[in-house]
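Enquirer: Sequence:
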Amino acid sequence: MNISEELYQNHLAILKEELLVALGCTEPIAIAFAAAKARTLLGEMPKTCHVRCSGNIVKNVKAVIVPNSGNMRGIEVAATLGIVGGDADRELAVLESVTEADIQETKELLKSDFCTCSLAEGVDNLYIVVELKSGKHSALVELKEHHNHITRLEKDGEVLFEESEKPQKEQEEGADRMWLNVENILAFAEQVRLSDVEELLSGQIEYNTAISNEGLKGRYGVETGRILLENAKRAAGTENTRLRARAAAAAGSDARMSGCSLPVVINSGSGNQGITVTMPIVIYAKELGADTELLYRALVLGNLLSVHQKKYIGSLSAYCGATSAATGAACGIAYMQLKKSGEQERIYGILCDTITNSIETLGGMVCDGAKASCAAKIGLAVENALMALELSLAGNVFQPGEGMTMENPEDTIAAVGRMGRVGMKSTDVEILNIMLGN
88 MNISEELYQN
98 HLAILKEELL
108 VALGCTEPIA
118 IAFAAAKART
128 LLGEMPKTCH
138 VRCSGNIVKN
148 VKAVIVPNSG
158 NMRGIEVAAT
168 LGIVGGDADR
178 ELAVLESVTE
188 ADIQETKELL
198 KSDFCTCSLA
208 EGVDNLYIVV
218 ELKSGKHSAL
228 VELKEHHNHI
238 TRLEKDGEVL
248 FEESEKPQKE
258 QEEGADRMWL
268 NVENILAFAE
278 QVRLSDVEEL
288 LSGQIEYNTA
298 ISNEGLKGRY
308 GVETGRILLE
318 NAKRAAGTEN
328 TRLRARAAAA
338 AGSDARMSGC
348 SLPVVINSGS
358 GNQGITVTMP
368 IVIYAKELGA
378 DTELLYRALV
388 LGNLLSVHQK
398 KYIGSLSAYC
408 GATSAATGAA
418 CGIAYMQLKK
428 SGEQERIYGI
438 LCDTITNSIE
448 TLGGMVCDGA
458 KASCAAKIGL
468 AVENALMALE
478 LSLAGNVFQP
488 GEGMTMENPE
498 DTIAAVGRMG
508 RVGMKSTDVE
518 ILNIMLGN
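Numbering (our numbering), first residue to last: 88 to 525.
Simulated from the structure, these hints should not be mistaken for lab results.
Treat the hints loosely; a few may be bogus.
Said to hold, decoys possible - Derived EDC-like pairs: lysine to aspartate or glutamate, alpha-carbon spacing no greater than 20 Å straight-line:
id, residue 1, residue 2
1, 242, 176
2, 223, 208
3, 103, 285
4, 242, 174
5, 149, 92
6, 427, 380
Full structure from sequences and hints, please.
Expert: Printed below as a string of structure tokens:
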């Protein structure tokens, strides 16, 4: 299948929109970014800060350590640190420039009522408003849908920018994720010019490998990655590779959830998902002796298949995105294995069956916020996806009518996505209520 130039540019644009560099968990970082942008808009140090955000933001900020914060947690920390030391021009790396003096100033401000927070109801799952006041002046920044997507700016009560006021043509510009399907993604991965993706993918490998290695060396969280790696040292052959792939993915999350300040390249708005889709493919590429071209094409495939699944679910929900990312990684591994063995004709079918087997097994694992246990969920998701691949290679796949398995993989992806987006809404509310002690 030869793809059109329009489809080629669309898929390339999706990669460029998705594979962004972020410092720390993207939810507190999004708050810090909005706060830093509001401080820039205000033009002076505010007297007060108020943050309103959706339940999913609350859930994902509650227990995770804010990077470059001196091991502090919470919405107030993220917002205050963004105001004091953040650089809004760096967007999702907004806290990269924070100094020790900024941390100390933040700690002093946190002792007062400088920053307050409230829950915004009836809004998008990803929704943040930061409002700053200083004497007669005020500034407001609204962010929603994506972690770096500003939709409203106000200064002294005057609306300076509102997304709904953009021309319709401008609103319609950008990559269309509805063009994503397994066939198109595979064709794009096969035909993409490496010069178009080399910078993106080399950065993804470099950053995500670095934080994975840090997680394996350091004492972070419950050390899921380190423990899996110790098990790998006692295993041989295929089991060794399998455990190392799980360890590498989990270790990056170990470090990231515990406040490691190393940047990552994200996928679907999540650093954990970016690490999960990257590291198993990198580990298996070394084991298979894959060259750079094969590794890059496998990463293109894995990244886009992960985005394809999440487009039905959204950036934040009660559905743990590690399942989607691990499924994408397993598909990238399948691509490399079949390419190396000369079984090109089997690739499409194996990808379809691997996706079906994976999401019909672990799809629906709940997200109860960003914290140390994310690493363990990632380890489980990678194990599940690799089992799904092995079943597929043996010619076995769940059949239509079994649970949410549909007549074709695209309908199965959509069905599981509907369950995650619509069916798990009440689950999301109940998880938040439990976390808040309601």
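Enquirer: Now tell me, hint by hint, if it's right for this structure.
Expert: Hint-by-hint comparison with the structure:
1. 242 to 176: Distance of about 18 Å is within 20 Å: holds.
2. 223 to 208: violated, 28 Å
3. 103 to 285: holds, 11 Å
4. 242 to 174: holds, 19 Å
5. 149 to 92: violated, 44 Å
6. 427 to 380: holds, 12 Å
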